[in-house]
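2 protein chains.
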Amino acid sequence: MTKLEYWIPAIGQIRHYKRKNFGADLIAGTILSIMLIPQGLAYALLAGLPAEMGLYASILPLLVYAFLGSSRTMAIGPAALIAMMSASFSSQFALQGTPEYNTIAILLAIMSGCILMLLGFLKLGFLANLLSHPVISGFVTGSAIIIAASQVKHFLGISVSGASLVEIIEGTFQQLNLINPVSLIIGISSLFMLLFLKRYFCSLLSRFGVSQTNSMLISKAGPILVIILFTFISYRYSLSSKNLALVGTVPSGLPLLSMPNISFSLVSNLLPAAAILGLVSFIESISISQAFATRKRQKIDSNNELVGLGGANIISGLSGGLAVAGSFSRSAINDEAGAKTQLAGIVSALFVLLTLYFLTDLFFYMPKAVLASTIFLAVFSLIDFKAIIHTWHYSKHDGIAMLGTLIIVLAFGVETGILAGVCLSILLFLWHTSHPHIAIVGNLTGTEHYRNVERYDVKVEPNILTLRIDENLFFANCRTLEEKVTQLISERPEVQHLVLMCNAVNMIDISALESLETMMQRLKAANIHLHLSEVKGPVMDKLKDTSLISELTGEVFLTQHQAIETIIKQDETAKI
Amino acid sequence: MTKLEYWIPAIGQIRHYKRKNFGADLIAGTILSIMLIPQGLAYALLAGLPAEMGLYASILPLLVYAFLGSSRTMAIGPAALIAMMSASFSSQFALQGTPEYNTIAILLAIMSGCILMLLGFLKLGFLANLLSHPVISGFVTGSAIIIAASQVKHFLGISVSGASLVEIIEGTFQQLNLINPVSLIIGISSLFMLLFLKRYFCSLLSRFGVSQTNSMLISKAGPILVIILFTFISYRYSLSSKNLALVGTVPSGLPLLSMPNISFSLVSNLLPAAAILGLVSFIESISISQAFATRKRQKIDSNNELVGLGGANIISGLSGGLAVAGSFSRSAINDEAGAKTQLAGIVSALFVLLTLYFLTDLFFYMPKAVLASTIFLAVFSLIDFKAIIHTWHYSKHDGIAMLGTLIIVLAFGVETGILAGVCLSILLFLWHTSHPHIAIVGNLTGTEHYRNVERYDVKVEPNILTLRIDENLFFANCRTLEEKVTQLISERPEVQHLVLMCNAVNMIDISALESLETMMQRLKAANIHLHLSEVKGPVMDKLKDTSLISELTGEVFLTQHQAIETIIKQDETAKI
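Same order as they appear, the protein sequences are chains A and B.
If you count the first sequence from 1, position 410 lands on 410 in our numbering, and the numbers rise without skipping.
If you count the second sequence from 1, position 244 lands on 244 in our numbering, and the numbers rise without skipping.
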């Protein structure tokens with residue numbers, strides 16, 4: 001595989017493209033666009049942007065990802081969480097509805113794309129691993145609650161802004177007297193209709209003789225049907241005269257690629273936000289692409305995904321769109337509809353393009369309240385309180401990380417929430433590893449096995465203390481080991497040999513090495529020999545040139561049993 | 001041991017105090033004070049504070065630590081690094097020489113003391129473990145360079161301020177035309193004299209028949225002799241008329257305990273600085289106390305140390321002193337001089353108190369340049385470039401953390417440096433663990449052992465893939481495992497069983513658990529069974545109630561050999 005082929009996985013796919021897949025990709029692409037168009041409009045609304053920006057983000061990014069990404073069925077484009085984050089970040093720098101606000105959203109897409117591409121080329125995708133599952137889960141639930149709360153304003157026909165739940169609720173309550181009844185009726189009735197279609201449309205179609213797969217696919221057209229219906233009602237009864245908020249004029253056609261005007265200070269201010277946005281969109285996307293790939297035994301390369309997603313975001317911004325990511329709901333439909341390659345994505349992008357050229361007039365009368373209903377429904381399924389109980393039950397630490405992230409997201413907004421969550425989970429992990437399980441072990445009589453003295457009835461030599469360390473030795477826990485040794489030695493004046501059993505130590509960093517060297521010197525001053533046993537190969541490779549080994553007051557033993565036998569024998573010889 | 005006895009270790013020490021130790025403690029305390037007084041004055045100067053504040057920090061803190069701390073020989077009081085950090089933090093909020101500046105230094109001592117006490121009572125001392133050895137080493141070398149550079153102004157008789165090396169050098173160069181020749185001569189000659197005494201005083205004394213221990217102890221009086229000599233010269237030739245900077249008036253006696261005037265906003269602004277100051281002083285102190293305790297088989301409790309050091313800092317601030325920590329040089333002298341308990345510290349505190357009541361007039365003519373020489377010499381021994389090479393050789397990661405911290409300290413000052421160092425070492429550790437060693441293993445023919453296929457000539461069943469994971473499974477690496485599995489499965493269409501060998505896995509957090517559960521579902525869709533082998537007891541305890549085990553598509557095997565044998569047998573039965 002050449003370097004070019006590595007970075008552009010599409011080359012291989014095109015070369016081995018099977019003609020029989022063409023029909024399947026065509027059908028999947030068509031079905032995909034039926035979901036993509038309303039979602040594009042809705043998520044642009046969610047991001048506080050003009051509707052067309054959601055459609056712009058649904059064209060070129062799909063093409064770029066098709067060439068650079070490694071997933072065959074992931075559907076990329078506007079996504080609820082990313083749109084919400086974009087809104088939350090942008091509103092910190094400009095007022096929603098102003099051209100500056102739109103520019104910032106575009107800039108965020110371009111910048112997060114550049115960061116992702118850079119991470120991909122530098123193979124630094126591991127940074128995304130810093131977001132643990134509990135943090136992501138708490139973050140998603142918290143964001144979904146905020147998104148749902150932020151959509152209430154569209155139902156009520158008022159305008160509220162705010163990054164945290166408190167701000168949004170406060171803002172909403174202050175304007176309760178301005179509620180627009182038409183908006184409320186349209187919003188609630190469309191919500192009920194969507195709920196009904198979601199629950200019963202599929203079984204209704206089956207009852208009319210449509211095959212199960214087909215009725216499942218057709219039922220996904222529910223949102224677009226509801227949107228068409230209410231757009232027609234709004235047009236027929238001129239509801240805009242009743243102050244119903246509509247999508248309004250959407251310019252026809254695709255804008256020319258252009259770079260927004262930027263200042264250095266703005267870019268540096270946006271940097272943290274762009275980095276978070278990029279990492280979250282990467283995590284969302286890689287989870288989706290991996291899920292579909294393993295199922296079909298296909299390969300996903302995280303560097304390709306970084307570059308593909310990065311490229312998609314850059315082109316989205318350059319073509320006037322908002323930030324994009326993989327969408328789970330659309331990827332699932334794409335897969336169900338039989339998509340074999342990213343050609344399906346290209347087909348759906350073409351449909352969106354045609355819509356932009358010929359159907360924008362239809363959007364004029366589309367009520368925002370109906371789009372809000374589709375968002376409401378989509379994000380509601382993301383709220384997951386059961387996960388908190390489940391996580392708490394498995395591990396208090398993970399539970400704290402999850403609940404902490406959720407609370408901070410609700411109280412201070414998504415940016416603070418996710419940063420605090422990352423810090424919390426890293427701290428809790430370090431806390432865990434800095435309190436390693438260290439057991440005093442003894443010999444199981446009649447065997448060569450050594451076990452914890454607290455769990456087993458084992459034989460211990462009075463002058464030999466053996467400690468088994470069940471953790472890597474590194475900076476966060478070497479002091480704990482020192483402390484434990486200091487304490488045990490002070491309690492046992494008869495000890496002359498300390499054996500560290502290292503069978504569970506996969507790594508010793510320089511902090512731990514220095515700690516061991518210091519410990520050895522101190523033990524030497526107290527006339528205690530330090531021995532090591534069962535050191536793993538890779539760990540020993542690194543240790544062999546250090547003064548810990550060259551000046552070791554004891555020996556390095558292959559097995560624990562050998563250590564005890566040798567020490568006893570040596571002591572006996574010394575006595576004679 | 002009652003709770004009171006736990007938190008006040010002195011109770012036990014007083015109860016078991018041996019009368020014969022009294023003489024030793026008295027002598028050690030006297031010798032200690034000969035070092036403590038000049039160091040107290042010099043470190044106050046280093047912190048940019050009036051000389052008396054260094055002496056205030058050398059009285060009550062020693063008494064408080066004697067009661068609350070757990071080390072018997074550690075000498076507490078003003079310390080070079082802490083004084084320098086105090087200067088660096090204080091100068092961010094006020095101008096050196098103003099009463100506000102002194103108040104901030106006092107506030108820093110009180111606040112860092114409160115933070116340490118809180119950490120001690122909450123048993124959160126592990127937070128100090130976040131500072132890895134490379135970070136501390138880079139930080140100490142960087143700070144020592146900055147301290148040394150910042151003392152040059154006292155030699156030149158100019159006034160320069162700045163937190164980073166660049167600022168200090170720039171400031172010094174700008175004022176080169178203002179150099180005071182008297183200051184320069186006094187400074188350089190005292191420096192040479194100190195160097196000479198440090199090198200040859202001890203052997204000179206031995207030659208005159210003084211015993212080796214005694215000459216070592218007496219040679220520590222070098223600095224005070226040099227200070228006395230130059231103070232006399234300065235007095236005799238009225239050098240202040242030549243614009244030589246002197247210590248000047250030092251108020252006699254100890255001030256009343258008092259709380260400085262504070263505002264809420266000032267306290268919250270100082271919080272990060274106080275936390276860093278506290279943690280660094282804790283790390284410095286605990287390293288020292290542990291070094292002396294292990295040697296004598298005494299016990300150190302990190303919570304006692306936190307409370308003792310915290311109390312010492314609070315009382316230092318309340319009595320008008322600067323922040324304190326354990327001093328390595330003084331502790332070593334204390335130990336050499338035969339100190340058995342903290343009574344030695346109390347004795348030296350009494351000497352400082354007497355000095356403050358009766359000898360302050362002598363300080364008036366003391367040249368600041370001579371104090372600067374003692375600082376210069378003390379910190380120069382802390383600069384350690386060899387450590388960088390040594391660390392780099394052992395591990396690139398640790399080397400990067402060390403060099404990174406050093407460079408950032410020099411370029412941006414100590415606060416930024418240490419924070420960046422902590423982040424860097426955590427990130428590098430997570431990078432390491434997020435790239436775990438995962439080996440495909442096979443059977444060593446004729447044995448029950450399983451080894452890495454790349455290192456050994458082993459037998460592998462074509463339809464069984466066994467992976468040994470040499471690392472804890474947690475959020476930072478579970479995605480790597482998923483990726484590895486996705487890739488290996490895509491390359492091996494014949495695989496029907498995946499066995500994860502978990503003998504080196506000490507922990508599985510919820511992120512990894514969910515990752516394994518998802519992986520199992522995906523493998524199920526691809527008709528691959530997931531098995532686990534050699535899962536450790538504590539890990540299995542947590543796993544047993546999870547859906548990973550209850551819905552496991554394969555089995556959990558005690559040993560790897562059992563796993564392979566059982567799977568082969570089952571497959572044969574299935575074929576028949």
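These aren't lab readings, by the way, just hints derived from the structure by calculation.
Watch out, some of these pointers could steer you wrong.
Since the list can't tell identical chains apart, any single copy or any two copies may satisfy a pair.
To be verified - With a Cα cut of at most 16 angstroms, we get these calculated EDC-like pairs of lysine to aspartate or glutamate: (1) Lys536 to Asp470; (2) Lys299 to Glu5; (3) Lys299 to Glu491; (4) Lys18 to Asp384; (5) Lys296 to Glu494; (6) Lys569 to Asp541; (7) Lys569 to Glu483; (8) Lys536 to Glu5; (9) Lys569 to Asp335; (10) Lys242 to Glu461.
Given the structure is predicted, the values throughout are model-derived calculations rather than measurements.
Going down the list of hints, with the structure as the test:
1. Lys536 to Asp470: both (13 angstroms within a copy, 10 angstroms between copies)
2. Lys299 to Glu5: within (14 angstroms within a copy, 62 angstroms between copies)
3. Lys299 to Glu491: between (56 angstroms within a copy, 8 angstroms between copies)
4. Lys18 to Asp384: neither (41 angstroms within a copy, 65 angstroms between copies)
5. Lys296 to Glu494: between (63 angstroms within a copy, 14 angstroms between copies)
6. Lys569 to Asp541: neither (28 angstroms within a copy, 39 angstroms between copies)
7. Lys569 to Glu483: Classified as neither; 30 angstroms inside a copy, 50 angstroms across copies.
8. Lys536 to Glu5: neither (39 angstroms within a copy, 43 angstroms between copies)
9. Lys569 to Asp335: neither (69 angstroms within a copy, 37 angstroms between copies)
10. Lys242 to Glu461: For Lys242 and Glu461, the Cα distance exceeds 16 angstroms both inside one copy (90 angstroms) and across copies (73 angstroms).
In summary, the numbered hints that this structure violates are 4, 6, 7, 8, 9, 10.
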